[in-house]
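There are 2 protein chains.
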Amino acid sequence: MDETLVKAMVEDIKLREERSAMPVPVGISNRHVHLTKEDFKTLFGADCDDTQLKPVKQPGQYACNELFDLEGPKGSIKGVRMIGPYRKYSQVEVSAADARRLGVEPPIRDSGKLENTPGIKLVGPKGTVTLTRGLIMSKRHIHFQTREAEAFKVKDGQEVRVLCGRGTEREAIYERVLCRVLDSFSLELHLDVEEANAAGMKNGDPAFIV
Amino acid sequence: MDETLVKAMVEDIKLREERSAMPVPVGISNRHVHLTKEDFKTLFGADCDDTQLKPVKQPGQYACNELFDLEGPKGSIKGVRMIGPYRKYSQVEVSAADARRLGVEPPIRDSGKLENTPGIKLVGPKGTVTLTRGLIMSKRHIHFQTREAEAFKVKDGQEVRVLCGRGTEREAIYERVLCRVLDSFSLELHLDVEEANAAGMKNGDPAFIV
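So the protein sequences, as listed, match chains A and B. If you read the first sequence in our numbering, its first letter stands for residue 1, the second for the next number, and so on. If you read the second sequence in our numbering, its first letter stands for residue 1001, the second for the next number, and so on.
Careful, some of the hints might be misleading.
Unchecked claim - EDC-like mimics (lysine to aspartate or glutamate), calculated; alpha carbons at most 20 Å apart, straight line:
1) A:Lys-126 x A:Glu-38
2) A:Lys-113 x B:Glu-1066
3) A:Lys-126 x A:Asp-205
4) B:Lys-1041 x B:Glu-1066
5) A:Lys-153 x A:Glu-17
6) A:Lys-139 x B:Glu-1105
7) B:Lys-1088 x B:Glu-1105
8) B:Lys-1057 x B:Glu-1169
9) A:Lys-139 x B:Glu-1066
10) A:Lys-155 x B:Glu-1169
11) B:Lys-1155 x A:Glu-169
12) B:Lys-1139 x A:Glu-38
13) A:Lys-14 x A:Asp-2
14) A:Lys-121 x A:Glu-71
15) B:Lys-1139 x A:Asp-2
16) A:Lys-202 x B:Glu-1066
17) B:Lys-1113 x A:Glu-105
18) A:Lys-57 x A:Glu-171
19) B:Lys-1202 x A:Asp-2
Said to hold, decoys possible - Between beta-carbon pairs, the in silico distance windows are:
20) B:Glu-1150 x A:Arg-16: 31 to 39 Å
21) A:Val-210 x B:Glu-1038: 21 to 29 Å
22) A:Glu-150 x B:Thr-1130: 51 to 59 Å
23) B:Met-1022 x A:Val-210: 50 to 58 Å
24) B:Lys-1054 x A:Lys-126: 53 to 61 Å
25) B:Asp-1110 x A:Glu-18: 31 to 39 Å
26) A:Leu-15 x B:Ser-1020: 44 to 52 Å
27) A:Arg-133 x B:Met-1022: 37 to 45 Å
28) B:Leu-1053 x A:Thr-146: 52 to 60 Å
29) A:Lys-74 x B:Arg-1101: 32 to 40 Å
30) A:Gln-61 x B:Arg-1101: 36 to 44 Å
31) B:Gln-1058 x A:Glu-18: 24 to 32 Å
32) B:Lys-1078 x A:Glu-150: 29 to 37 Å
Said to hold, decoys possible - If we take Cβ atoms under 7 Å as the criterion, some of the chain B residues that face chain A in the derived model are:
33) Ile-1083
34) Pro-1085
35) Tyr-1086
36) Val-1104
37) Glu-1105
38) Asp-1110
39) Ser-1111
It is worth saying that the hints were derived from the structure and are not from the lab. This structure is a prediction, so every number in the text was calculated from the model and none was measured. Backbone N, C-alpha and C fix where the C-beta goes; we use that ideal spot for every residue, glycine too.
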């Protein structure tokens, strides 16, 4: 047999074994919105700033107290939250079920990749914002702090397959899960509610890169 | 090398190739209920029988016009349909999201396996039925007509892995999908709405046993 090939196969098996011992906790994302400061103030008033309801796992980010509505051509969804702090772009992340309810057809996109995405109307207590783009279904992804990515031997932008619900009735493998690496991130697999439910996952449950 | 092992491996590869050329169409199940004749008449009146809205793919089965509500400890779901005809047992099939909304914790079960399942209250225009058991989340399954099962070389009760959303952003492999074989069945992978959305599947899209 080809020695180089055998060596590569052994390395691959070793890598799989290493990763299978390193669970990635799941964080389940309900529909949410990121807003520019300007859009926030249009919805809640020029003298208003966002206030924190509770932190989320990604350092420095938090769910806000302020609620607003999404209005689509076929229906609306009330009581949607911003994940703060403000961003340089406004972005609305919904599930497939939400999209059907609103009557919109967002593409599946990595956060911030908003070229050729549809818009949506946001209705707050003090005003309305009609985004011309920014409506997406989030592509499944894992956040890695830089050192965590080194331990997993993954690079920013790489896609991996992830085993969810291991050993349960709803065990599933999600393909093409995007790896996102940044010093300010913390290890977490982000799934939307439907993806989590389909694999029988609750917040904090372990997933495995396979 | 061991000749028997090599032969088994070749057979396995051949079987996988055969199956990969035979797509299984997906049928997406929204929440629905099967009812005994007695329970139906309690909900809709003794002089009433079910009427067909539209047939579903499984021969002889149909969605009914008659609507009723599910009432759980935390919330209710309005406008639920029976899939007819009447059965020997009443069974309520909901998604994980539905279960949360109702405030109930049904297990994942094969249809008809109702031992130790919770009940739920059904409210119709003429009366109320409080089931003491029968509330489940349906285990993912494939219906095979007997000859279709022979072509796929699967047996009733066997579990298989199924590739969904092949080539899409939401490609996924669902493990432990139950094979159900009956002369009166027609080839169809049954997923609930969340499972279908998580894999980016629409009604009739192809899945593959892998």
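- Restraint satisfaction for B:Tyr-1086 [CB to CB of chain A, less than 7 Å]: Violated: closest Cβ of chain A sits about 28 Å from B:Tyr-1086, beyond 7 Å.
- For the pair supplied as a hint, A:Lys-113 and B:Glu-1066, is the alpha-carbon distance within the 20 Å limit? With Cα atoms ~45 Å apart, A:Lys-113 and B:Glu-1066 exceed 20 Å; violated.
- Message: Taking the Cβ atom of A:Glu-150 and the Cβ atom of B:Thr-1130, is their distance within the range 51 to 59 Å?
- Response: holds, 57 Å
- Message: Run the distance test for B:Lys-1057 versus B:Glu-1169: straight-line Cα separation, threshold 20 Å.
- Response: Violated, because 28 Å separates the two Cα atoms, which is more than 20 Å.
- Per the hint of 21 to 29 Å, is the separation of the Cβ atoms of A:Val-210 and B:Glu-1038 within bounds? Distance hint for A:Val-210, B:Glu-1038 is violated at roughly 49 Å.
- Message: Need the status of pair A:Lys-126, A:Asp-205: alpha-carbon distance at most 20 Å?
- Response: violated, 39 Å
- Message: Tell me if the straight-line CA distance from A:Lys-126 to A:Glu-38 falls inside 20 Å.
- Response: holds, 13 Å
- Task: Please work out if B:Lys-1155 and A:Glu-169 have their alpha carbons no farther apart than 20 Å.
- Result: holds, 19 Å
- Is it true that the CA of A:Lys-139 sits at most 20 Å from the CA of B:Glu-1105? violated, 29 Å
- Given a hinted range of 37 to 45 Å, is it respected by the beta-carbon distance of A:Arg-133 and B:Met-1022? holds, 41 Å
- Query: Do the alpha carbons of A:Lys-202 and B:Glu-1066 lie within 20 Å of each other, as the hint requires?
  - Reply: Outside the cut-off at roughly 35 Å; violated.
- Task: Note whether the CB distance of B:Glu-1150 and A:Arg-16 lies within 31 to 39 Å or breaks it.
- Result: This hint holds: roughly 36 Å between Cβ atoms.
The structure does not agree with the numbered hints 2, 3, 6, 7, 8, 9, 12, 15, 16, 17, 18, 19, 21, 23, 24, 26, 29, 30, 31, 32, 33, 34, 35, 36, 37, 38, 39 stated previously, though it agrees with the rest.
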